[in-house]
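Trainee: Here are the chains, one letter per residue:
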Amino acid sequence: MAESVDRESAEWLRDLTGGQREAAQARLHAELLRIARGEVRRRAERLRVSGPELDDLTHQAAADALLAIIAKLAQFRGDSRFATWAYKFVIFEVSTKLGRHFWRNPTVSLEAEEWDRLPHRYGFDPAQETESREFVTAVRRAVDDELTERQRRIFVAIVVNGVPLDALVVELSTNRNAIYKTLFDARRKLRATLVANGYIDPNTSRRS
Amino acid sequence: MNGWSELDRFLQTDPRDVGCTEAMRLLHVYVDLVAQAADAAQRYPGIAAHLRACGPCSEDFDGLLAAVRETP
Chain A
1 MAESVDRESA EWLRDLTGGQ REAAQARLHA ELLRIARGEV RRRAERLRVS
51 GPELDDLTHQ AAADALLAII AKLAQFRGDS RFATWAYKFV IFEVSTKLGR
101 HFWRNPTVSL EAEEWDRLPH RYGFDPAQET ESREFVTAVR RAVDDELTER
151 QRRIFVAIVV NGVPLDALVV ELSTNRNAIY KTLFDARRKL RATLVANGYI
201 DPNTSRRS
Chain B
1001 MNGWSELDRF LQTDPRDVGC TEAMRLLHVY VDLVAQAADA AQRYPGIAAH
1051 LRACGPCSED FDGLLAAVRE TP
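These protein sequences, in sequence, are chains A and B.
One point on numbering: in our numbering, the residue at position 9 of the first sequence is 9, and numbering is uninterrupted.
Numbers in our numbering are just positions in the second sequence, counted from 1, shifted up by 1000.
If you are wondering where the hints come from, they were derived from the structure by calculation, not from laboratory data.
By construction, the Cβ of each residue, glycine as well, lies at the ideal position given by its N, Cα and C atoms.
Some hints here could point you the wrong way.
Stated by the list, open to error - Simulated coverage check for chain B against chain A, where a stretch passes if three residues somewhere in it have a Cβ under 8 angstroms from a Cβ of chain A:
no., region
1, 1005-1013
2, 1026-1036
3, 1053-1062
Said to hold, decoys possible - Partner residues aside, some chain A positions facing chain B, computed with beta carbon under 10 angstroms:
no., residue
4, A83
5, W115
6, F124
7, L165
8, R187
Given the sequences, and given the hints that come with them, work out the whole structure.
Mentor: Written as structure tokens, this is what we have:
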């Protein structure tokens, strides 16, 4: 263990590896279930899942998180509270399961390209027809000319069609980092092109 | 803010951005620092940059922080 752990964390470690481990695991499972319930409640407004299905997802997330925690207990380094480390597993499980759930009843497809929705997504007023058309034409040309096939596919799915990134992870059988990295590179290329073509001011920055 | 500046905000990338794998590896450490009102962003600028740009990781950060804050 890299650092000394706080008293509560030390108790969790002792209980989960000692003679009372079954009782400790049951206690941890109850905690994980509470956190999973809180997390789906927090995300509830944006979820398209409810009722028994959501309850099932919550229980699965807690059960899978418990298995992962037990399997990786030796990897806990004491660089945070044990509870924070453990809760991370169940938060990730909720995210992953919601990403999978998206495709049970998808509102968008990966095949159709909904370019007409792009101006609204970026705050254009419906009355700004000419500006909206110019916006779509410029962005689409940059996407078609500058991006690789994979970058284009991921950009269109997420930015144009509005597919959640975690749902795309499931559909493409990859991981969040791979999708993010591809999108990161696509964003950088597109900005450089749109700056070069005079659509974006190169001197703006959002960093803080 | 017009549509172009909104798009520009999305397209801007921060070279300090560590990506999802690294941000998620240390998320529990980062969240504990935030919960303790320590300057997590100063200590881990690459994670802060990532959380500003990545919706799913930012969502996980919000969820974990809420979980920690709701736990006595």
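Trainee: Each of the hints needs a verdict: does it hold here or not?
Mentor: The hints, checked one at a time:
1. By the rule of at least three residues with a Cβ nearer than 8 angstroms to a Cβ of chain A, the coverage given for the region 1005-1013 of chain B holds, with 9 such residues.
2. Counting residues of the region 1026-1036 of chain B whose C-beta lies closer than 8 angstroms to any C-beta of chain A gives 6; at least three are required, and the coverage claim holds.
3. For the region 1053-1062 of chain B, the assignment as covered by chain A holds, since 8 residues bring a beta-carbon within under 8 angstroms of that chain's beta-carbons and 3 suffice.
4. Here the hint on A83 (chain A) is kept, as its CB sits about 6 angstroms from the closest CB of chain B, short of 10 angstroms.
5. A cut of 10 angstroms between beta carbons decides the hint on W115 (chain A): the least distance to chain B is about 13 angstroms, and the hint is violated.
6. Evaluation of the F124 (chain A) hint against chain B yields a held restraint, the C-beta minimum of about 4 angstroms falling below 10 angstroms.
7. Given the 10 angstroms rule on beta carbons, the hint for L165 (chain A) holds: about 5 angstroms separates it from the nearest Cβ of chain B.
8. Contact between R187 (chain A) and chain B, as hinted, is supported at the beta carbon level, the nearest pair being about 5 angstroms apart and thus within 10 angstroms.
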